[in-house]
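Letter 67 of the sequence shown, counting from 1, is numbered 67 in the numbering used here, and no numbers are missing.
Any given hint could be a false lead.
Stated by the list, open to error - Between beta-carbon pairs, the in silico distance windows are:
| # | residue 1 | residue 2 | range |
| --- | --- | --- | --- |
| 1 | 85 | 10 | 29 to 35 Å |
| 2 | 44 | 154 | 14 to 20 Å |
| 3 | 151 | 57 | 18 to 24 Å |
| 4 | 93 | 10 | 16 to 22 Å |
| 5 | 41 | 77 | 31 to 37 Å |
| 6 | 123 | 38 | 16 to 22 Å |
| 7 | 93 | 15 | 23 to 29 Å |
| 8 | 110 | 16 | 20 to 26 Å |
| 9 | 16 | 82 | 36 to 42 Å |
Stated by the list, open to error - Straight-line Cα separation of at most 25 Å, PhoX-like style, residue types lysine-lysine; simulated pairs:
| # | residue 1 | residue 2 |
| --- | --- | --- |
| 10 | 83 | 110 |
| 11 | 110 | 14 |
| 12 | 5 | 110 |
| 13 | 90 | 73 |
| 14 | 5 | 39 |
| 15 | 77 | 110 |
| 16 | 121 | 38 |
| 17 | 121 | 77 |
| 18 | 83 | 73 |
| 19 | 5 | 38 |
| 20 | 109 | 90 |
Since the hints were derived computationally from the structure, they do not count as laboratory data. Cβ atoms here follow ideal geometry from the backbone N, Cα and C, with glycine treated the same way.
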Amino acid sequence: MAETKTNAMRMLDKSKIPYSVMIYAHDDGEIDGVAVAKKIGKPAEIVFKTLVAHQGASLFVFIIPVAEELDLKLAAKAAGVKKIEMLPVKELQQKTGYIREGCSPLGMKKLYPTFIDRSAKDLPTMLVSAGRIGLQLEIQPECLAEQVSGSFVPIVV
Numbered sequence: 001m002a003e004t005k006t007n008a009m010r011m012l013d014k015s016k017i018p019y020s021v022m023i024y025a026h027d028d029g030e031i032d033g034v035a036v037a038k039k040i041g042k043p044a045e046i047v048f049k050t051l052v053a054h055q056g057a058s059l060f061v062f063i064i065p066v067a068e069e070l071d072l073k074l075a076a077k078a079a080g081v082k083k084i085e086m087l088p089v090k091e092l093q094q095k096t097g098y099i100r101e102g103c104s105p106l107g108m109k110k111l112y113p114t115f116i117d118r119s120a121k122d123l124p125t126m127l128v129s130a131g132r133i134g135l136q137l138e139i140q141p142e143c144l145a146e147q148v149s150g151s152f153v154p155i156v157v
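Construct the complete structure from the given sequences, taking the supplied hints into account.
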């Protein structure tokens, strides 16, 4: 399964950023973040999901723990806009190159302003989607932030 590199992996390889790939079974249909954390044997607090929101034509990427919920007011404040809303799922692949439940913050079609929940900042490593259902990347939070020009901010409820 992991023989074929995803855009996220290629991006990290090109930048010589260390990461490890975790593979999980997804044929049971349980692909939500909390289920994925259990499947890979990691606490949900270090497994993060990638959410894409927009304000008009401007897109923003938010990376939060899988068991948490994005606070849209805090997210808008972090993005420097008055109000944001989640990008409709039907537009996700067209705008990012990724599908729902397989959306990585790395290797999107464009580099969008990216905000990582501050809970990640002091973790030794965190996990994010590798860009395909069934694959997770374990990476140091500072390395992820550097790759996506992201900042650590409070963005969860």
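Going down the list of hints, with the structure as the test:
1. 85 with 10: 29 to 35 Å: holds, 31 Å
2. 44 with 154: 14 to 20 Å: holds, 18 Å
3. 151 with 57: 18 to 24 Å: holds, 22 Å
4. 93 with 10: 16 to 22 Å: holds, 18 Å
5. 41 with 77: 31 to 37 Å: The hinted range 31 to 37 Å holds for residue 41 and residue 77, with Cβ atoms some 35 Å apart.
6. 123 with 38: 16 to 22 Å: Given range 16 to 22 Å: holds, Cβ gap about 18 Å.
7. 93 with 15: 23 to 29 Å: Once the Cβ atoms are compared, 24 Å apart, the range 23 to 29 Å for residue 15 and residue 93 holds.
8. 110 with 16: 20 to 26 Å: holds, 23 Å
9. 16 with 82: 36 to 42 Å: Distance hint for residue 16, residue 82 holds at roughly 40 Å.
10. 83 with 110: Distance ~22 Å between residue 83 and residue 110 Cα, so the pair holds.
11. 110 with 14: holds, 17 Å
12. 5 with 110: holds, 19 Å
13. 90 with 73: holds, 23 Å
14. 5 with 39: Holds, at roughly 21 Å.
15. 77 with 110: Holds: residue 77 and residue 110 sit about 22 Å apart, inside 25 Å.
16. 121 with 38: Holds: residue 121 and residue 38 sit about 22 Å apart, inside 25 Å.
17. 121 with 77: holds, 19 Å
18. 83 with 73: Holds: residue 83 and residue 73 sit about 7 Å apart, inside 25 Å.
19. 5 with 38: holds, 24 Å
20. 109 with 90: Holds, at roughly 16 Å.
The structure shown violates none of the earlier numbered hints.
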